[in-house]
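Q: Here is how the chains run, residue by residue.
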Amino acid sequence: GDKVKQSPSALSLQEGTNSALRCNFSIAATTVQWFLQNPRGSLINLFYLVPGTKENGRLKSAFDSKESYSTLHIRDAQLEDSGTYFCAGSNYNVLYFGSGTKLTVEP
Amino acid sequence: EAAVTQSPRNKVAVTGGKVTLSCNQTNNHNNMYWYRQDTGHGLRLIHYSYGAGSTEKGDIPDGYKASRPSQENFSLILELATPSQTSVYFCASGELGGQNTLYFGAGTRLSVL
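Protein sequence lines correspond, in order, to chains L and B.
With the first letter of the first sequence counted as 1, position 47 gets the number 47 in my numbering; the numbers rise by one all the way through.
With the first letter of the second sequence counted as 1, position 59 gets the number 59 in my numbering; the numbers rise by one all the way through.
Watch out, some of these pointers could steer you wrong.
[Stated by the list, open to error] In the EDC-like style, the derived pairs of lysine to aspartate or glutamate whose C-alpha atoms are separated by at most 20 Å in a straight line are:
| no. | chain 1 | residue 1 | chain 2 | residue 2 |
| --- | --- | --- | --- | --- |
| 1 | B | 57 | L | 2 |
| 2 | L | 3 | B | 59 |
| 3 | L | 3 | B | 38 |
| 4 | L | 5 | B | 56 |
| 5 | L | 3 | L | 64 |
| 6 | L | 102 | B | 59 |
| 7 | L | 3 | B | 56 |
[Stated by the list, open to error] Example chain B residues on the side facing chain L (calculated, C-beta under 10 Å, incomplete):
| no. | residue |
| --- | --- |
| 8 | 40 |
| 9 | 50 |
| 10 | 88 |
| 11 | 94 |
| 12 | 95 |
[To be verified] Here chain B is said to cover these stretches of chain L; the calculated rule only asks that three of the stretch's residues, wherever they fall, bring their Cβ under 8 Å from a Cβ of chain B:
| no. | region |
| --- | --- |
| 13 | 36–46 |
| 14 | 93–105 |
Think of the hints as simulated: they come from the structure by calculation, not from any bench.
Idealized CB from N, CA, C, for every residue including glycine.
Okay, chain L solo, but in the shape it has when bound:
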């Protein structure tokens, strides 16, 4: 089965609203990364997390290794936040990806 389950698979937000994405891990993930894939297909690293939380502007992420999940919160969504968000959990030297959340921010 899937090592990383990501939800929701798609999300539509009005500009200025907030939302959260979630990943559940069936592996013993030791670190988590969140990526944004832009329309050109490039993967942009948003966060690298050991257990705990990090914040960067309107984005905040948390990783709970004991409960095996991670979240990405988007505050005050903007049009440029649109894209596909991937979480990935690492186990030893391998990174396993979720199937992505396609986010559309509408005016």
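Based on the hints, put chain B in the right spot on chain L.
A: For chain B alone, coordinates are given in the frame of chain L:
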């Protein structure tokens, strides 16, 4: 800034033909990875390597071989390409652990007709 270069960027192959995708990194990373991306599946790990001469199977290795002749280069080989291998392939390098992330190439779009 870490640099991972993939070639070719686009490739059209015929069923049954041999395809080689190349990846070069200039950051002296020990670990390199090949993933494929398909709609609904995210990125799935095909093969990875811990260093020159080593290759390891990922989650979906069937139909693929890998080669790591040097620290810098990691190739993905499709000996007998099939239409089901039509996908976007990403190479990455990095040393997971500490505060280190993976660095990804720009991707190779492969179509097998």
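Q: Please go over all the hints and tell whether each is borne out by the structure.
A: Do the hints match the structure? See the list:
Restraint check for residue 57 of chain B and residue 2 of chain L: the C-alpha separation of about 17 Å stays at or below 20 Å, so the hint holds. A threshold of 20 Å between alpha carbons decides the hint, and for residue 3 of chain L with residue 59 of chain B the separation of about 10 Å falls inside it, so the pair holds. With a C-alpha separation of about 16 Å, the suggested pairing of residue 3 of chain L with residue 38 of chain B holds against the 20 Å cut-off. Between residue 5 of chain L and residue 56 of chain B, the direct Cα distance comes to roughly 24 Å. Violation of the 20 Å bound is thereby established for this hinted pair.
As the CA atoms of residue 3 of chain L and residue 64 of chain L are separated by approximately 16 Å, the hinted pair is consistent with the 20 Å bound. The hinted pair formed by residue 102 of chain L and residue 59 of chain B fails the criterion: a straight-line CA distance of about 24 Å is larger than 20 Å. Taking the CA atoms of residue 3 of chain L and residue 56 of chain B, the gap is about 18 Å. The hint holds against a cut of 20 Å. Among the interface hints, the one on residue 40 of chain B holds; its C-beta lies about 6 Å from the nearest C-beta in chain L, closer than the 10 Å criterion.
The criterion of a C-beta within 10 Å of any C-beta in chain L is met by residue 50 of chain B, whose closest approach is roughly 7 Å, and the hint holds. Taking 10 Å as the C-beta contact cut-off toward chain L, the hint placing residue 88 of chain B at the interface holds, the least distance being around 7 Å. Residue-level restraint check for residue 94 of chain B holds (minimum Cβ-Cβ distance to chain L is 8 Å; threshold 10 Å). Hint status for residue 95 of chain B: holds, given a least beta-carbon distance of 8 Å to chain L, under 10 Å.
Against chain B, the region 36–46 of chain L contributes 4 residues with a C-beta closer than 8 Å to a partner C-beta. That satisfies the three-residue criterion, and the hint holds. Counting residues of the region 93–105 of chain L whose CB lies closer than 8 Å to any CB of chain B gives 8, which reaches the minimum of 3, so the coverage claim holds.
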